[in-house]
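Spelled out from the first residue to the last, the chains are:
There are 2 protein chains.
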Amino acid sequence: LPMVAKIATDDYVGFTFFVGCMAMMAASAFFFLSMNGFDRKWRASILVSGIITFIAAVHYWYMRDYWAANGESPTFFRYVDWVLTVPLMCVEFYLILKVAGAKKSLMWRLIFLSVIMLVTGYFGEAVYRDQAQIWGLISGIAYFVIVYDIWLGKAKKLAQEAGGAVLQAHKTLCWFVLVGWAIYPIGYMAGTPGWYEGIFGGLALDVVYNIGDAINKIGFGLVVYNLAVTATKSEE
Amino acid sequence: LPMVAKIATDDYVGFTFFVGCMAMMAASAFFFLSMNGFDRKWRASILVSGIITFIAAVHYWYMRDYWAANGESPTFFRYVDWVLTVPLMCVEFYLILKVAGAKKSLMWRLIFLSVIMLVTGYFGEAVYRDQAQIWGLISGIAYFVIVYDIWLGKAKKLAQEAGGAVLQAHKTLCWFVLVGWAIYPIGYMAGTPGWYEGIFGGLALDVVYNIGDAINKIGFGLVVYNLAVTATKSEE
Ligand SMILES: CC1=C(/C=C/C(C)=C/C=C/C(C)=C/C=O)C(C)(C)CCC1
Ligand SMILES: CC1=C(/C=C/C(C)=C/C=C/C(C)=C/C=O)C(C)(C)CCC1
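Line order of the protein sequences matches chains U and D.
Counting in the numbering used here, the first sequence runs from 1 upward without gaps.
Counting in the numbering used here, the second sequence runs from 237 upward without gaps.
Do not take every clue at face value.
[To be verified] Away from chain U, derived, C-beta distances all over 12 Å, residues of chain D:
| no. | residue |
| --- | --- |
| 1 | 277 |
| 2 | 279 |
| 3 | 369 |
| 4 | 461 |
| 5 | 468 |
[Stated by the list, open to error] Pulled a few chain D residues facing chain U out of the computed Cβ check, cut under 10 Å:
| no. | residue |
| --- | --- |
| 6 | 246 |
| 7 | 250 |
| 8 | 269 |
| 9 | 273 |
Source of the hints: derived by calculation from the structure; they are not laboratory data.
A quick note: this is a predicted structure, and the numbers were derived from the prediction, not measured.
Where a beta carbon is used, it is the ideal one built from N, C-alpha and C, also for glycine.
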């Protein structure tokens, strides 16, 4: 017999897991199938956009089933997903700034910071919950350094040198990191003990994360796609 | 009901199995989808990079579940994986040196040595554990000959004749074999009885192997990818 879980019609968390999973699969098909229509220099960026949503699609597939089976937040799988997709988003920053001469060191710096942010976040959220505040603080500092680097540091200078469509895309991605990514620390505070308890309690954590992921991963990819479209047009 | 294992949040071995599995899938998508953007002479090399990570993705899928179900090292599956992927890495050496006139005999020699290395290693680790030292020694000699061949033997001469980006890539791959692959004999000594007991005991074997595999397979593939990118650019 085919195994398909019955899901309660008012299970909104389950609903967003299913919608999220399909949206990620659809986005991957979109990026993968459109990449070859662009000039070589944009292909790697669009391919990486597709890889990010593909990784998410696989994890949403587990998380959906995990939720249906256990009625619990699949924190473990979220972090498996993030530890791969967030560094890849750092790679995207590098790839679009390469035209302006970005060095690999910029990429490795962002990747390193993002891994610190996620590993310490995982410790606070899943392993050493009693010390969630201190782990969250370290994670937050790494997040802050990333925000600083792309908004005001070297990445910003490179984007300005590139100008035009690249500068525009870089700015939009910076807003994603500042506003879109800020959803996650809010989720963390809603889900761990600390001075912030009571402010963010009672949020349906997974609904927030699921919507945030869709915006951050698919939206991020679409910005890169759009950059390729605009740049291709202006070259014609 | 869908079957998704619950995994303890501090099960780092499980975590690296999941991250490794997804990283291998993502890398395969990356290599498979980018290969056609390159000139014909690079396509086979990039395709083989993708095949290597694809084989690993499938085995990590088993190993992940094996670990979740039994809490035991999936040694059997690791060797099934290695006996296919390691010879394919030898093929990669041949493929990138073909431009300099590498002969198939070089490839077969490396393949033969790698199979000897793995079969004797499997006997020592999984079948005749009492004689782990002697099997490990034979395996180590084969490993040593591979290292010699690529660092100082015929492969090196060919790389020097090719020069440029090929020489650079060959050198990087040589470092992978000397340093990256050295992880595995350490794992062997940590997991079998012998004079070396006590030196390497207590290591979380699978975490080490999982990180090693990710570096050796994906990193190896990226070196080849990078060679194709560099060579394509300098030809334009
Ligand atoms: C600052 C901070 C965090 C930040 C997490 C972020 C920024 C995650 C981003 C995820 C993305 C972008 C996923 C995919 O789209 C944690 C780890 C919750 C821990 C608490 C402090
Ligand atoms: C020398 C030696 C070994 C070497 C194993 C190696 C070198 C494995 C390489 C695996 C790779 C590269 C996998 C995929 O990425 C064994 C068999 C552990 C047995 C003990 C002696």
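The hints, checked one at a time:
1. The claim that residue 277 (chain D) lies off the interface holds: its Cβ sits roughly 16 Å from the closest Cβ of chain U, which is beyond the 12 Å cut-off.
2. Every C-beta of chain U lies more than 12 Å from that of residue 279 (chain D), the closest at about 14 Å, which supports listing it as non-interface.
3. Once the 12 Å rule is applied to beta carbons, residue 369 (chain D) is consistent with being away from chain U; the minimum gap is 37 Å.
4. Residue 461 (chain D), annotated as away from the interface, has a beta carbon of chain U within 12 Å; the closest lies near 10 Å.
5. Residue-level check failed: residue 468 (chain D) sits 8 Å from the nearest beta carbon of chain U, not beyond 12 Å.
6. Here the hint on residue 246 (chain D) is kept, as its CB sits about 5 Å from the closest CB of chain U, short of 10 Å.
7. Hint on residue 250 (chain D) holds. Least Cβ distance to chain U is approximately 8 Å, under the 10 Å limit.
8. Taking 10 Å as the C-beta cut-off, the interface hint given for residue 269 (chain D) holds, the closest approach to chain U being about 6 Å.
9. The interface hint given for residue 273 (chain D) holds, since its Cβ lies 6 Å from the closest Cβ of chain U, which is under the 10 Å cut-off.
Of the numbered hints stated above, those contradicted by the structure are hints 4, 5, listed in ascending order.
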